[in-house]
Amino acid sequence: GPNLATSSTDLATTSTPLATSSTLLATSSNHLATSSTHLATSSTHLETSSTHLATSSTHLANSSTHLETSSTHLATSSTHLANSSTHLETLSTHLATTSIYLATSSTHLETNSFGDLIN
Numbered sequence: 001g002p003n004l005a006t007s008s009t010d011l012a013t014t015s016t017p018l019a020t021s022s023t024l025l026a027t028s029s030n031h032l033a034t035s036s037t038h039l040a041t042s043s044t045h046l047e048t049s050s051t052h053l054a055t056s057s058t059h060l061a062n063s064s065t066h067l068e069t070s071s072t073h074l075a076t077s078s079t080h081l082a083n084s085s086t087h088l089e090t091l092s093t094h095l096a097t098t099s100i101y102l103a104t105s106s107t108h109l110e111t112n113s114f115g116d117l118i119n
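Its first residue numbered 1, the sequence shown is counted upward by one per residue in the UniProt record's numbering.
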């Protein structure tokens, strides 16, 4: 009788803190699960950001290559233009020389014609 009631009371007294500890453990376990989910989400976001960064880096490298190619083409075109300009200058000089020669020949012809008229 009395011993059983005392033992039952002792068991209830011991069981209550155990139940409280069990509840706290369950709460901590839930918090840990939530933190784990947040960590997984953050990890996914980080991976996505890393992928975007890699893609942007690739696009930047491609743009840089295109810019370098365009710069090379521009330099080549500039060289061709300079060569054409030099060639045009040479032709212009030759034309000026020919023009002077033609003017001189015309003067000589005019002088000779005038001499023929006098004679």
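These are calculated hints, taken from the structure and not from any lab test.
Just so it is clear, the structure is predicted and the values come from calculations on it, not from any experiment.
No residue lacks a Cβ here, since even glycine has one placed at the ideal position from N, Cα and C.
Honestly, I wouldn't trust all of these hints.
Stated by the list, open to error - Using C-beta positions, here's what the derived DEER-type ranges look like:
1. LEU39 with LEU18: 49 to 57 Å
2. SER85 with HIS45: 30 to 38 Å
3. SER106 with ALA75: 41 to 49 Å
4. HIS45 with THR9: 53 to 61 Å
5. SER57 with THR93: 36 to 44 Å
Hint-by-hint comparison with the structure:
{"no.": "1", "hint": "LEU39 with LEU18: 49 to 57 Å", "result": "31 Å, violated"}
{"no.": "2", "hint": "SER85 with HIS45: 30 to 38 Å", "result": "58 Å, violated"}
{"no.": "3", "hint": "SER106 with ALA75: 41 to 49 Å", "result": "46 Å, holds"}
{"no.": "4", "hint": "HIS45 with THR9: 53 to 61 Å", "result": "55 Å, holds"}
{"no.": "5", "hint": "SER57 with THR93: 36 to 44 Å", "result": "54 Å, violated"}
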